[in-house]
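Single-letter residue listing:
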Amino acid sequence: MSDQPVLELKGITKRFPGVLANDHINLTLNKGEVHALLGENGAGKSTLMNILYGLYQPTEGEIFVDGKKVDIHSPGDSIEAGIGMVHQHFMLIPVFTVTENVMLGEEETTPGGFLKRREAAKKIEELSGRFGLNVNPNAMVGDLPVGVQQRVEIIKLLYRDANILIFDEPTAVLTPQEADSLFEIMQLLIDQGKSIIFITHKLREVLDYADRITVLRRGKVVGSTTPAEANPAKLAEMMVGRAVDLDVERDPPKVGSVVLKVDNLTVMDEQSQVAVDQISFELREGEILGVAGIQGNGQTELVGAVTGMTQTSAGKITLLGKDIQNKPPRTITEMGSAHIPEDRQRDGVVSTFPIIDNLALQSYYTEPFSNGVVLNESNMRDNAAKLVEQFDVRTPSIETSVGSLSGGNQQKVIVAREFSRDIKFLVAAQPTRGIDVGSIEYIHSQIVEKRDDGVAVLLVSTELDEVMQLSDRIAVMFDGRITAMVNADDVTKEQVGLLMAGSSLEEVMANSGGEEDHD
Amino acid sequence: MTNQTEDPKEQKSDSGQTLIDELNKSMDGGTWRGSLQAALYPILAVFTGLVIGGIFIAFTTEEVYAAFRESIGAGLAAAWRSIAVSYQALFVGAIGSPSEIAEALGSGDREAIRSAFNPFLESLVTSTPLIFAGLGVALGFRTGLFNIGAEGQLFIGAVTATWVGYSFTNLPAIIHIPLALIAGFIGGGIWGYIPGWLKAKTGGHEVINTIMMNFIAFRLVEWLLRTYMQAPGSVNPISPIVADSAKLPVLGGDRFHLGFFIALLMAWATWWFLFRTKWGFSLRTVGANPNAARYAGMNIVSATVIAMSISGGLAGLAGANEILGLNHRLVPAFSSGYGFDSIALALLGKNHPVGVVLAAILFGTLRNGATQMQVDAGIPIDIISIVQALVLAFIAAPAIVRTIYRLRDTGEEGDLVTSSWG
Numbered sequence: 096m097s098d099q100p101v102l103e104l105k106g107i108t109k110r111f112p113g114v115l116a117n118d119h120i121n122l123t124l125n126k127g128e129v130h131a132l133l134g135e136n137g138a139g140k141s142t143l144m145n146i147l148y149g150l151y152q153p154t155e156g157e158i159f160v161d162g163k164k165v166d167i168h169s170p171g172d173s174i175e176a177g178i179g180m181v182h183q184h185f186m187l188i189p190v191f192t193v194t195e196n197v198m199l200g201e202e203e204t205t206p207g208g209f210l211k212r213r214e215a216a217k218k219i220e221e222l223s224g225r226f227g228l229n230v231n232p233n234a235m236v237g238d239l240p241v242g243v244q245q246r247v248e249i250i251k252l253l254y255r256d257a258n259i260l261i262f263d264e265p266t267a268v269l270t271p272q273e274a275d276s277l278f279e280i281m282q283l284l285i286d287q288g289k290s291i292i293f294i295t296h297k298l299r300e301v302l303d304y305a306d307r308i309t310v311l312r313r314g315k316v317v318g319s320t321t322p323a324e325a326n327p328a329k330l331a332e333m334m335v336g337r338a339v340d341l342d343v344e345r346d347p348p349k350v351g352s353v354v355l356k357v358d359n360l361t362v363m364d365e366q367s368q369v370a371v372d373q374i375s376f377e378l379r380e381g382e383i384l385g386v387a388g389i390q391g392n393g394q395t396e397l398v399g400a401v402t403g404m405t406q407t408s409a410g411k412i413t414l415l416g417k418d419i420q421n422k423p424p425r426t427i428t429e430m431g432s433a434h435i436p437e438d439r440q441r442d443g444v445v446s447t448f449p450i451i452d453n454l455a456l457q458s459y460y461t462e463p464f465s466n467g468v469v470l471n472e473s474n475m476r477d478n479a480a481k482l483v484e485q486f487d488v489r490t491p492s493i494e495t496s497v498g499s500l501s502g503g504n505q506q507k508v509i510v511a512r513e514f515s516r517d518i519k520f521l522v523a524a525q526p527t528r529g530i531d532v533g534s535i536e537y538i539h540s541q542i543v544e545k546r547d548d549g550v551a552v553l554l555v556s557t558e559l560d561e562v563m564q565l566s567d568r569i570a571v572m573f574d575g576r577i578t579a580m581v582n583a584d585d586v587t588k589e590q591v592g593l594l595m596a597g598s599s600l601e602e603v604m605a606n607s608g609g610e611e612d613h614d
Numbered sequence: 013m014t015n016q017t018e019d020p021k022e023q024k025s026d027s028g029q030t031l032i033d034e035l036n037k038s039m040d041g042g043t044w045r046g047s048l049q050a051a052l053y054p055i056l057a058v059f060t061g062l063v064i065g066g067i068f069i070a071f072t073t074e075e076v077y078a079a080f081r082e083s084i085g086a087g088l089a090a091a092w093r094s095i096a097v098s099y100q101a102l103f104v105g106a107i108g109s110p111s112e113i114a115e116a117l118g119s120g121d122r123e124a125i126r127s128a129f130n131p132f133l134e135s136l137v138t139s140t141p142l143i144f145a146g147l148g149v150a151l152g153f154r155t156g157l158f159n160i161g162a163e164g165q166l167f168i169g170a171v172t173a174t175w176v177g178y179s180f181t182n183l184p185a186i187i188h189i190p191l192a193l194i195a196g197f198i199g200g201g202i203w204g205y206i207p208g209w210l211k212a213k214t215g216g217h218e219v220i221n222t223i224m225m226n227f228i229a230f231r232l233v234e235w236l237l238r239t240y241m242q243a244p245g246s247v248n249p250i251s252p253i254v255a256d257s258a259k260l261p262v263l264g265g266d267r268f269h270l271g272f273f274i275a276l277l278m279a280w281a282t283w284w285f286l287f288r289t290k291w292g293f294s295l296r297t298v299g300a301n302p303n304a305a306r307y308a309g310m311n312i313v314s315a316t317v318i319a320m321s322i323s324g325g326l327a328g329l330a331g332a333n334e335i336l337g338l339n340h341r342l343v344p345a346f347s348s349g350y351g352f353d354s355i356a357l358a359l360l361g362k363n364h365p366v367g368v369v370l371a372a373i374l375f376g377t378l379r380n381g382a383t384q385m386q387v388d389a390g391i392p393i394d395i396i397s398i399v400q401a402l403v404l405a406f407i408a409a410p411a412i413v414r415t416i417y418r419l420r421d422t423g424e425e426g427d428l429v430t431s432s433w434g
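From first to last, the protein sequence lines are chains D and L.
Residue numbering for the first sequence follows this note's numbering, beginning at 96 and increasing consecutively.
Residue numbering for the second sequence follows this note's numbering, beginning at 13 and increasing consecutively.
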């Protein structure tokens, strides 16, 4: 490590109309280090990086690269200064080859105007080998898996001789295996003298892979630390501004009678392929059954079948003793079921409607919100005011349209609506996907509270941590089947992870007999 | 080990989404407040449309070219003169002559006052069918349906209202008029129901089907006027005249009739239905987010059919209004494209009943004034179509108006308080 930082930000301030997105931010990046920038949605991370990338101009402040002051007015300036960015959403043209994508914007041609494709491909191959990227320069980008597309983005930066690489939420789109190999690549980059800024809100990644951590909150740097000094609770507290209880406290479940009974259920997906393959399980009052699995193993269709949103093709679903198979969603809702949908923007809210209307979405047609014809607006407003207060929805007013709230607050609106009814059965699909730590903590505690009130909870989540923390029992779904049904206390996180990847319960239990690994 | 997978599109709000949300938000509003702010863009759009329309007037006037051949100064003066004369005629035709109005009021002569205010009342007469049909189209848009068939529904509404109008001869007006109007609503409603049902049951797109239904309606009316509905003894394709008891009473001016107030009443009723009843709530939800509507247990099939039927019914009332209030008999060319104009003005009025009324009055006024402009200044009536088109273009692309007048994009500030800048 040299004493000269490769990148130094001094007093960067960015003011948007009515919002101070960055407030006098100082940040230094040393050569050969992974510097994690941690913060909740809206903390100002992306704004800061867009300034570095030349998309925004700072209102105040200076940027130094290798000790020299630079003015960055466009992405071109940024590349010139040796700064490169791997965007969260890739900037690739799917019908072009890797070589063509990499050359884009830097097209070197022969005197006759032909692209120097072969030279470029050779350079790509060389970079790919040097940094362990394993990319075929002649492959069509659209045919590549997401993880490899991300490596193409990295090659684009290396091709342009970037020394400072910015990764914006790089693992958001990756499978766990892809994420692991990304971190190996990042290590190789560091070994060869590159420096990395790594933006995320995932605490574990930061603690495992960063050299230094800077936490942003509401546009300000609230502190810098290192993984050795920090722990998840401390980082969460820095991000949120108060102590966050990451571990959900739960009493043992008081299990009652069967609420939901699924028998040999088969559901087809939209392409008429078998998505849920003859599964059976029971769910009882006062317990949380966590359905773990990697996205796309039939969870979406299972949730659709038990909430009436998806047609089933065989089997039987019984809710509170009544057959609910292929019944309309409203019938199921009126029997006392609640549903936090997987895709909240698509199904859960009407983003152009005010909070008032969204909180009445499931019961607008009945007392107290309607007398059968006319809506009772004052009751709807009272309800909204009460729930916004009770569920801590951060909003300027109850008339604010839900679309302008942050993801966490949108989710709280849904949770408030679903939990405020008298329910016996709750389906929570990806209840905390993409939302901030504070909201996650709150929603988890609400789910556990419902369970303690005797509600039967079907929790579907691709986040292993969430399933482990909340569930009393865990069902692992793989390829449309439930491959394991275990008590949450009997398994470790690693074992569930293996089950999610397709291992059988016997294999997993046999291999990890004497292991003592409780996370 | 990282087992977290997240949906990337939920990570931050991009500017495109913000813009869409903003547009939808401005379309929304169960309350009457904030209308001043909402009116700013339409007013500027109309103003800009008239300015550019003026340039068209100058370019299409022979004398201006002649004057430019003499000198630039004379040319500019002639251009200015032609625009001034045209717009003065437009104004007088649409609103009335201020001096005449003042004189008439001063003299206190009833006949003079009636005549002075007649242009203004005529504008309202022209606006009336536009209000009815515009409300229908707006209600469809609110439910996410593009009812392009207002013109056909208007024709069928006219047919049924005419039939009720001349078939019953000894009813009191208090019964006959509502009966004929209801018949118009039902006629148009059936013409809207059919594409609505086709969409719900077969997925057939309502844009295609309503356009087809338009053609069927036009030809059906022509056929009926040659057969069952042709006036006895007539060789022309005209129906019998409706009974006096079915005619909407004239309230002032030459032709200003009750229909205008019925239209205002329907605007209020549409607003009440959309924003105050549970059915309106579910229609608006289906329009704003059909997935969430399904999740909330709303019946999208019935919402589609109901919305198309009511939408058609309102357009049918426009046809009934023209027959019972003005023509008193069905003739082939009784509508000058009101149903088509109503699509544009529903957008101009941001699919809100109040906006529709204001937009309809604007269009009616421009149309009525254009006739006078053609007579007085020899400017083709089509110039007003150009102005209308320009106004719509500016409404559809608020960014243009914003750029021209260097308006700041207000509204965004407050809305993004809790949104992500990160």
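No wet-lab data here; the hints were simulated from the structure.
Each hint should be verified, as a subset may be incorrect.
To be verified - BS3-like, lysine-lysine: derived pairs with alpha carbons at most 27 Å apart:
no., chain 1, residue 1, chain 2, residue 2
1, L, 213, D, 422
2, D, 519, L, 290
3, D, 126, D, 297
4, D, 422, D, 356
5, D, 105, D, 164
6, D, 349, L, 213
What the hints assert, rightly or not - For each label pair, taking beta carbons as the anchor points, the in silico distance ranges come out as:
no., chain 1, residue 1, chain 2, residue 2, range
7, L, 224, D, 466, 56 to 66 Å
8, D, 210, L, 414, 57 to 67 Å
9, D, 172, L, 67, 52 to 62 Å
10, D, 256, L, 84, 55 to 65 Å
11, L, 408, D, 111, 22 to 32 Å
12, D, 111, L, 390, 45 to 55 Å
13, D, 208, L, 214, 26 to 36 Å
14, L, 217, D, 605, 54 to 64 Å
To be verified - Here are some chain L residues pointing at chain D (derived, C-beta under 10 Å):
no., residue
15, 110
16, 114
17, 179
18, 294
We treat Cβ as the ideally placed atom computed from N, Cα and C, and that holds for glycine.
Each hint, compared with the structure:
1. 213/L <-> 422/D: holds (19 Å)
2. 519/D <-> 290/L: holds (26 Å)
3. 126/D <-> 297/D: holds (24 Å)
4. 422/D <-> 356/D: holds (15 Å)
5. 105/D <-> 164/D: holds (10 Å)
6. 349/D <-> 213/L: Measuring from Cα to Cα gives roughly 48 Å; hence the hint is violated.
7. 224/L <-> 466/D: 56 to 66 Å: This hint is violated: roughly 41 Å between Cβ atoms.
8. 210/D <-> 414/L: 57 to 67 Å: Since residue 210/D and residue 414/L have Cβ atoms about 41 Å apart, the given range 57 to 67 Å is violated.
9. 172/D <-> 67/L: 52 to 62 Å: violated (42 Å)
10. 256/D <-> 84/L: 55 to 65 Å: With a Cβ separation near 59 Å, residue 256/D and residue 84/L satisfy 55 to 65 Å, so the hint holds.
11. 408/L <-> 111/D: 22 to 32 Å: Once the Cβ atoms are compared, 27 Å apart, the range 22 to 32 Å for residue 111/D and residue 408/L holds.
12. 111/D <-> 390/L: 45 to 55 Å: holds (53 Å)
13. 208/D <-> 214/L: 26 to 36 Å: violated (54 Å)
14. 217/L <-> 605/D: 54 to 64 Å: holds (58 Å)
15. 110: With Cβ-Cβ at 42 Å, over 10 Å, it is violated.
16. 114: violated (46 Å)
17. 179: Cβ of residue 179/L sits 34 Å from chain D, so the hint is violated.
18. 294: holds (7 Å)
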